[in-house]
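If you read the sequences in order, they're chains A and B. Take the first sequence: its position 442, counting from 1, is numbered 442 in the working numbering, and each next residue is one higher. Take the second sequence: its position 286, counting from 1, is numbered 286 in the working numbering, and each next residue is one higher.
Hints may be right or wrong, so weigh each one.
Stated by the list, open to error - Here are the simulated distance ranges between beta carbons:
#1 A:P216 x B:G238: 24 to 30 Å
#2 A:R51 x B:R154: 51 to 57 Å
#3 A:L141 x B:E150: 35 to 41 Å
#4 B:A355 x A:E54: 30 to 36 Å
#5 B:R71 x A:P216: 52 to 58 Å
#6 B:Q235 x A:A207: 30 to 36 Å
#7 B:G238 x A:A207: 20 to 26 Å
These are calculated hints, taken from the structure and not from any lab test. Glycine is no exception: its CB is placed at the ideal position from the N, C-alpha and C atoms.
Here are the chains, one letter per residue:
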Amino acid sequence: MTFRTKLFVMFVIALLLSVGVVAVGVTVVTRQAFQESNRQHSEALVAQFEREFERHKQDIVHRVQGIADAEATVRMAIDLSRPKSDVSVYVNDARGVSQSHQLDFLDFAGDDGSIISSNEWPARFGYKIDWLTPPQDWASLGAFLMKVDAQDGPALGLMAVSVVRVGDKNLYVLGGERLDKDFLASLVLPSGMRALLYMDLDPNFQAANLVDQSGPVLQADRFASFIEQERRQPATRTFTISWTPDASSVESFHALPLLGRQGELLGALLIGNSQREVVLLERRILLLAVGVAAMGLLFGLILSWWGAARVTRPVQKLAEGAREVSAGNWAARVNVRGRNEIGQLALAFNRMTEQLSEQRERLVQAERVAAWRELARRLAHELKNPLFPLQTTVENLQRAKEQSPEQFDEVFRESTGILLSEIENLKKIIGRFSDFAKMPQPELGPVNLNETVRGVVKLFESQFSAVGRPPITPELHLDEQPPTIQADEALVRRAIENLVLNAMDAMPSGGVLMLRTTHQNGDVDLEVSDTGTGLTPEECDRLFTPYYTTKQHGTGLGLAIVQSVVSDHGGRIWVESEAGVGTSFHIHLPVKPSVRAAPAPAEAAVAEGA
Amino acid sequence: MKHRLSVLLVAISAGLAAAGSAEPAERPRYGGTLRVEIGAVVNSIDPSTPAATPQEAAAKEEICSLLYERRNSDGTFAGVAGSGAFRIAEWEPGKHLMLEANPDYRGGRAFVDSVEIEMGRSSRERLLDLEVGKTDFAEIPPEEVRRATEVGVRVSTSRPDELVAIVFTAGRPLAEDAHAREALARSIDRAAIVNFILQKEGEAAGGLLPQWSSGTAFLFPATVDAAAAKNLWAQIAGSPKIFLGYDANDPLEQSIAERIAVNARDAGMEVAAAPKQGTATNYDAVLVRFRLSSPDPAVALARLAAAFAPLAGMNVDPLAEAAPPQRVYDYERALVTGYRIVPLIWLPRVYGLGARLRNWDTPAPGAAWPFADVWLGDTQ
Chain A
1 MTFRTKLFVM FVIALLLSVG VVAVGVTVVT RQAFQESNRQ HSEALVAQFE
51 REFERHKQDI VHRVQGIADA EATVRMAIDL SRPKSDVSVY VNDARGVSQS
101 HQLDFLDFAG DDGSIISSNE WPARFGYKID WLTPPQDWAS LGAFLMKVDA
151 QDGPALGLMA VSVVRVGDKN LYVLGGERLD KDFLASLVLP SGMRALLYMD
201 LDPNFQAANL VDQSGPVLQA DRFASFIEQE RRQPATRTFT ISWTPDASSV
251 ESFHALPLLG RQGELLGALL IGNSQREVVL LERRILLLAV GVAAMGLLFG
301 LILSWWGAAR VTRPVQKLAE GAREVSAGNW AARVNVRGRN EIGQLALAFN
351 RMTEQLSEQR ERLVQAERVA AWRELARRLA HELKNPLFPL QTTVENLQRA
401 KEQSPEQFDE VFRESTGILL SEIENLKKII GRFSDFAKMP QPELGPVNLN
451 ETVRGVVKLF ESQFSAVGRP PITPELHLDE QPPTIQADEA LVRRAIENLV
501 LNAMDAMPSG GVLMLRTTHQ NGDVDLEVSD TGTGLTPEEC DRLFTPYYTT
551 KQHGTGLGLA IVQSVVSDHG GRIWVESEAG VGTSFHIHLP VKPSVRAAPA
601 PAEAAVAEGA
Chain B
1 MKHRLSVLLV AISAGLAAAG SAEPAERPRY GGTLRVEIGA VVNSIDPSTP
51 AATPQEAAAK EEICSLLYER RNSDGTFAGV AGSGAFRIAE WEPGKHLMLE
101 ANPDYRGGRA FVDSVEIEMG RSSRERLLDL EVGKTDFAEI PPEEVRRATE
151 VGVRVSTSRP DELVAIVFTA GRPLAEDAHA REALARSIDR AAIVNFILQK
201 EGEAAGGLLP QWSSGTAFLF PATVDAAAAK NLWAQIAGSP KIFLGYDAND
251 PLEQSIAERI AVNARDAGME VAAAPKQGTA TNYDAVLVRF RLSSPDPAVA
301 LARLAAAFAP LAGMNVDPLA EAAPPQRVYD YERALVTGYR IVPLIWLPRV
351 YGLGARLRNW DTPAPGAAWP FADVWLGDTQ
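Next comes chain A alone, as it looks inside the complex (with noise of 0.2 Å):
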């Protein structure tokens, strides 16, 4: 994964995290501002219905006192109030007057309680109300919930009883509201609230006696848990009814108890809030920020992608100019414009490579005056040493002329054969360097590892038992199916055998020389190991440079040629040595070179020693 990409899914998850907090957030908060406002709204309605319960209240206290204030009603009370007074006469009385005055309930009760006239039951006319005469305040008690006996079955109403009383006997006057779906359908309630009512008539939970506005509640056994929970201890609760899956077919109930006179229940008044606009709004927002998030998203990844691309290209230059580096070229430079981070690295970068490339120069002036040091050393060396005799030589031959005329002759013929043996020595010296610097351009061509480095070992077979010296063993370990690599077969077969004749040096008191060859990923290596004394690492650091040698009489050029042929193969070399233990020189070829253009004679040596 690219840094590119990298940066942009690391801006991409920011994104949607910060997206997705902000989404649950807002949700979260909507939420909680909803149901904050429903809860408002829920105490709202309760309230209202609460004062409009008391309106009611006072309203019915108000309409019973004005009958029993009605100057019928009073004449009633006096004609009762008479010995054998006629009650009859009045049996049809409720019926008018509860019309008149708007009432669903109402009865007149003689002194004894009897029912004179009712117009919820009118043929209940004679039998006694008996909680009606015990003494009590009706006018504070004000109205009162109550289970009203009807006609039509038991109801639940809302109740007031106003007593008129002439001489030592009470006319009571009962009167009253039925509470059911026309007394909810006088609530006024918001869009999306609805008042129920559960009247507790009966010993147990009754689906018929919920009602709302407009009859019977559907679904009614799914409050029944509810109504027993109230029954069984009335309070004030809140509770949730869920009609279908769907989360907009929530409702929310606030439930609030119907107390009677003696504080018993008598019923349950329910007000409802559907939560479907509440939840249809929080999708909408929801949406609206899905919405919202998405075409962010959008912005987002693209903005992201642009601001990826603004910041890694930059660092893809400084990478690129890092690869160029790496890859020899010295004067790559990164062009990034900006004061930022990333331009004062490529700044640095820029300077880096300036510095190198300017160190480098100077190293290779270094190196190259060093190897010219180097080469001028040897070479005097070398020369030295024939140059010596040489004098001597000459100096023998002036001699022999000036002190010993008489073996001048014999002198000069044994001089100048020295001389002339010597010169020979200048010779080869001066044909090896020349050798070294014509390091020929390979030849490629088909070449069988395992065939040259089996000639190279028969070549020196003699050598490795040679009367005098300590015996080499050879051994071989090739591979069996080596592949045939393209090479210049002459070149690789020098450079086996300075290696041989390398590890045979490095051997003088004889030892074992393995030669293995392997393949791996269509390569070959080839290992030439000793069991001599070994290298130090200062050694092994400085052992293909040209003219280094350890050896008293070596020129320092072998291992050189070695190098210089493996890399124009495009191979590899290295040496593993430990002290006392012997030395591995391993080369890595591959099948198919892609040979080096030879550079020119003079500087090939100089740069084969950097």
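Given chain A's structure and the hints, the job is docking chain B onto it.
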């Protein structure tokens, strides 16, 4: 002997009543239109066409009595319409009927030129129209008598001649239970019905004939016995409910039925009073009205038995018209024993009379409106 004596007593009392109510001397006057309002809606005045409701049947009977001169032995009308004191002048079924005096009537031309009958008038409308003088004659429910007299309407009340009773319908399980029938019969406070619902215009009925007709009504007790009713009802398994049907168009029947339900509830019974729909056999018991068609107790009882015994599932022998009083008593006793027919109250017929109506004579049981004999005087 007793029958003849009672007929004589009726005649004497009618004469005395007429003498007692006589206005200051006023000569009979011919002419004018007698305005009549009735509550029933009469859709046909053909005697052979059955009436839809008892109210229509009763009104139709009265109208036909004005149109037909004679009756057959079974009480049906004989001859042709218009042979009576009046003949049809205008006829708008269900709404309005105008009769004109028949000059060829054998009993002599009626004093009034015509009789205009408006139908479907409620008791309240009838009473108001009587009060303001918009009508000359209207039937008034007994329970409205007190109010009528309070507003100054002249009222003519007949002897109680209409029985309101409960008939248990044969075949219904509860109707076949003697304990249930007796329990309901004993739970009913007839006196309260008379005093409160009828405003004392009527009599509690223990027997099927009124005292003035049979002279033996006192032998049939009509007192309430809630304790006995409760005991009887306790012997019935389960918690049955007695379905009591009443005429939906009869407010009096409704009031009585509702009061019966209250009384029964007091005795631990459950009675569901409901307007009759369909046949009477849909109910355990039904409220019925029976107007005596004759002052003769044997005739009246025979017709009553013929009307209700089949519904009650009672197999009784016909009662001869000339049956002696003992036979009538035994017959009546047989009908009420077993409580298949439970007499409740006797109602009088009550007529509201307009201020200009003269020479009104309250008709005897079975007799029709005597419109041929009345005339219209000045309102002053």
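Next item on the list: Check each numbered hint from earlier against the structure, then list the numbers of those it violates in ascending order.
Entry: 4
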